[in-house]
Amino acid sequence: MQRPVTPLPLTEFVIMLAMMISIVALSTDMMLPGLATIGHDLGVDDLNDTQLIVSSLFLGFACGQALAGPLSDTFGRKPVIYLGYAIFILGCLLSLTATSWTAMIAGRVLQGLGAASPRIVSLALVRDGYGGRAMARIMSIVMAVFVLVPTIAPALGQGVIWLAGWRATFLVLIVMALLAGLWFALRQPETLPLHERRPFSARAIGRGLREILCNRTSMGATIALGFIFGAFLAYLSTAQQVYEGVYDAGSLFALYFGMAALSIGGAAVANSMLVMRLGMRFLTRYALIGLIALAALFAVPALAWGGVPPLALFIGWLIASFFCVGLLFGNLNALAMEPLGHMAGLGAALIGSVSNFIALPISYVIGHAFNGTVYPLLAGFAVVGALALAVFLWAERGTTPAPQTGA
Numbered sequence: 001m002q003r004p005v006t007p008l009p010l011t012e013f014v015i016m017l018a019m020m021i022s023i024v025a026l027s028t029d030m031m032l033p034g035l036a037t038i039g040h041d042l043g044v045d046d047l048n049d050t051q052l053i054v055s056s057l058f059l060g061f062a063c064g065q066a067l068a069g070p071l072s073d074t075f076g077r078k079p080v081i082y083l084g085y086a087i088f089i090l091g092c093l094l095s096l097t098a099t100s101w102t103a104m105i106a107g108r109v110l111q112g113l114g115a116a117s118p119r120i121v122s123l124a125l126v127r128d129g130y131g132g133r134a135m136a137r138i139m140s141i142v143m144a145v146f147v148l149v150p151t152i153a154p155a156l157g158q159g160v161i162w163l164a165g166w167r168a169t170f171l172v173l174i175v176m177a178l179l180a181g182l183w184f185a186l187r188q189p190e191t192l193p194l195h196e197r198r199p200f201s202a203r204a205i206g207r208g209l210r211e212i213l214c215n216r217t218s219m220g221a222t223i224a225l226g227f228i229f230g231a232f233l234a235y236l237s238t239a240q241q242v243y244e245g246v247y248d249a250g251s252l253f254a255l256y257f258g259m260a261a262l263s264i265g266g267a268a269v270a271n272s273m274l275v276m277r278l279g280m281r282f283l284t285r286y287a288l289i290g291l292i293a294l295a296a297l298f299a300v301p302a303l304a305w306g307g308v309p310p311l312a313l314f315i316g317w318l319i320a321s322f323f324c325v326g327l328l329f330g331n332l333n334a335l336a337m338e339p340l341g342h343m344a345g346l347g348a349a350l351i352g353s354v355s356n357f358i359a360l361p362i363s364y365v366i367g368h369a370f371n372g373t374v375y376p377l378l379a380g381f382a383v384v385g386a387l388a389l390a391v392f393l394w395a396e397r398g399t400t401p402a403p404q405t406g407a
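Anchor point for the sequence shown: position 65 equals 65 in this note's numbering, and the numbering is continuous, going up by one each time.
None of these hints come from the bench; they were simulated from the model. Among the hints, a few may not be true.
[As the list claims (entries may be wrong)] Ranges of calculated distance between the beta carbons of each label pair, as one might list FRET restraints:
hint	residue 1	residue 2	range
1	Ile289	Ala36	34 to 42 Å
2	Glu12	Arg277	28 to 36 Å
3	Leu213	Leu313	38 to 46 Å
4	Ser100	Asp248	24 to 32 Å
5	Asp46	Ala103	13 to 21 Å
6	Leu182	Gly306	48 to 56 Å
A virtual CB, placed ideally from N, CA and C, is assigned to each residue, including glycine.
From just these sequences and the hints, can you work out the full model?
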């Protein structure tokens, strides 16, 4: 029987959780309009190197995910979230005062490391007190609120940069982290009592990682997820260069970015309705096929216009492709977790960490191939889509899901 997690009204609880899990998206998307300016001010010669402002955050995030969950099982949810916010704020202060590129990147790694705690442990808060449909309902509401963040964060970042310069974006992140942390500290009780805490064990983390790598379904879905996230991360890293450098979008960058981002939210809503009827494997297979087909179709106008097709066609391709990506994020995560029900918390943390580590070099290769055209992004989505499909089909070979699982 599940114990009540919190006396908070449901609306307040959901908004608080959405604010906590949004910290990574805010830390990424608010920076995008200022990448070129930050690089210029800190002496970066190659504009492609400014993409490290995005990817370095996810390097820290990948490391933090593997530790945050197990640490919260040992010390409780609240202390680990406090520690995460403290590390995040320290990273923001380092980037805020950075006078060198090295200091900026070090600050971003710390921000990612710290942001992992509220992002990962907040999900444990829901698991601690709710189960079954109640947990699914709360998480669906939280994710619906979370989807709004990528649509407004670039505009918020753009406005802050116009008013006060790029360093002020880190001040905004510090204020938001302090507000979220204070709200959490004052209103949310600890959800993991002392008698349910487990000793921290590096051996348990190693066993969990080994189990993921030795399970064909889990490993295949995790690798495929890493491929897809790598292409998506490459888009995030190069979005400012593409919209402003190739299409001269200027102040409309945030609008165009938000339009494409909304498609992922639409996919999440559609997936919640389709997955019970069609299953995770069906949706994953055809989302991957769709991603590859869309890249092939978009190659025609891309080649016809010498790598710079009309902006409307580019955004149309992104919206359609991101709908497939939105389906894949949810279903590949679920497929990777399917054999790991006995270690759900640790499994989720390790899957997130491993998929991020796979994504980072893929993102680097695609992003640093940027040459003033859409060719690198187009080729990147086509290649990783094909690789992800091949891995998925390999993982599913000989797999016969039970009818009642809805898989």
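Consistency of the hints with the structure:
1. Judged by the Cβ atoms, the range 34 to 42 Å given for Ile289 and Ala36 holds: they are separated by roughly 36 Å.
2. A C-beta distance of roughly 33 Å is found between Glu12 and Arg277, which places it inside the suggested range of 28 to 36 Å.
3. Distance hint check: the CB atoms of Leu213 and Leu313 are about 41 Å apart, consistent with the given range 38 to 46 Å.
4. Range check, Ser100 to Asp248: Cβ separation about 31 Å, and the 24 to 32 Å hint holds.
5. Asp46 and Ala103 have their C-beta atoms about 18 Å apart, which keeps the hinted 13 to 21 Å range intact.
6. Separated by about 53 Å at the C-beta atoms, Leu182 and Gly306 satisfy the suggested range of 48 to 56 Å.
Going through the hint list in order, the structure satisfies each hint without exception.
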